[in-house]
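Residue numbers (the working numbering), protein chains in the order written: chain A, 1 to 163; chain B, 1 to 137.
Careful, some of the hints might be misleading.
Think about it this way: if two alpha-carbon atoms lie no more than 16 Å apart in a straight line, the pair counts; the simulated EDC-like pairs of lysine to aspartate or glutamate are [to be verified]: (1) Lys36(B) / Glu129(A); (2) Lys141(A) / Glu121(B); (3) Lys62(B) / Asp75(B); (4) Lys36(B) / Glu126(B); (5) Lys108(B) / Asp70(A); (6) Lys62(B) / Asp76(A); (7) Lys105(B) / Glu129(A); (8) Lys106(A) / Glu129(A).
Keep in mind that the hints were calculated from the coordinates and are not lab data.
Keep in mind it's a predicted model, so treat the numbers as computed, not measured.
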Amino acid sequence: MKFPTRPVVLGLLALGFSALILSRAQAGGGHYYPPVADSVVKEECGSCHLAFPPSMLPASSWKRMMGELDNHFGDDASVDPEVARKITAYLVANAGDTGGQRYGGKLLRGVDPATAPQRITTLPKWVREHREVQDWEWRHKDVRSKANCTACHADAELGYYED
Amino acid sequence: MKLRLALSCIALSSYSLLTSAGPLEQQLAAYATEAKTANPAFAGFSAARGEQLYITRFGLGKPDTPACTTCHGNDPRTSGETLTGKHIDPVALSVSPGRYADSAKVEKWFRRNCNEVLGRECTPLEKGDWLAFVGSR
């Protein structure tokens with residue numbers, strides 16, 4: 001009996017291809033940022049805006065932000081010191097240059113952690129990825145703020161930020 | 001039959017939750033004490049004054065948020081939305097039972113939101129009136 005070379009090779013190829021697609025889909029093709037998993041962080045950081053994934057900024061950014069919560073982009077977002085400590089620990093541990101490097105590495109390319117950037121929307125890669133979005137789209141009544149990720153990225157709450 | 005039994009259990013337990021002196025009642029009592037200290041003529045909170053507080057366009061805090069209604073919406077029984085598109089549960093107690101169960105959380109949001117709308121912290125009288133208003137809706 002002859003070994004069925006062709007079907008086996010074709011089958012393996014198909015399997016390998018779908019595995020590749022699947023792994024890319026799981027990683028969001030570089031557009032996946034694991035959402036906040038900690039309930040305190042989710043509650044405190046997610047009641048006014050989407051609880052942004054910690055991997056989107058370097059640890060230095062989160063430290064600085066957590067130290068200036070009484071003026072959080074113009075808002076008073078202060079929390080009690082014990083809660084602030086817990087949140088900071090979580091954000092720092094999962095930041096884009098620490099535990100979340102696998103996800104945030106690309107977004108933070110070319111970013112000097114020493115500058116501790118505060119706005120995700122000013123990161124070079126963020127700006128590049130959104131360069132085609134028109135002014136009127138940002139001003140649209142369902143968007144209004146660049147921090148309103150879910151207006152366009154329907155699955156942002158789940159960590160997916162594809163087009 | 002089982003369903004009816006379960007339903008009546010739920011109804012009974014929620015009824016007892018509503019009637020017992022819960023955290024909201026305790027907080028209102030604390031505000032009342034403070035209001036009385038500030039003004040001996042204090043004669044109780046008013047849902048009508050609370051409503052006035054809710055709908056007035058103060059414009060004394062952040063330009064983005066002149067009134068409570070900016071984010072919470074005109075109808076306290078429907079949900080609101082923050083400027084960044086985040087859903088806010090309705091403020092009316094009748095549709096959001098349990099919304100005011102954590103007094104530290106209530107204080108936290110009074111502090112933040114009064115500063116954003118009024119440019120200052122709210123007085124105990126204002127806080128009590130506001131809670132009386134949402135409690136009546």
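Structure-based check of each hint:
no.: 1; hint: Lys36(B) / Glu129(A); verdict: violated (57 Å)
no.: 2; hint: Lys141(A) / Glu121(B); verdict: violated (30 Å)
no.: 3; hint: Lys62(B) / Asp75(B); verdict: violated (22 Å)
no.: 4; hint: Lys36(B) / Glu126(B); verdict: holds (13 Å)
no.: 5; hint: Lys108(B) / Asp70(A); verdict: holds (12 Å)
no.: 6; hint: Lys62(B) / Asp76(A); verdict: holds (11 Å)
no.: 7; hint: Lys105(B) / Glu129(A); verdict: violated (37 Å)
no.: 8; hint: Lys106(A) / Glu129(A); verdict: holds (12 Å)
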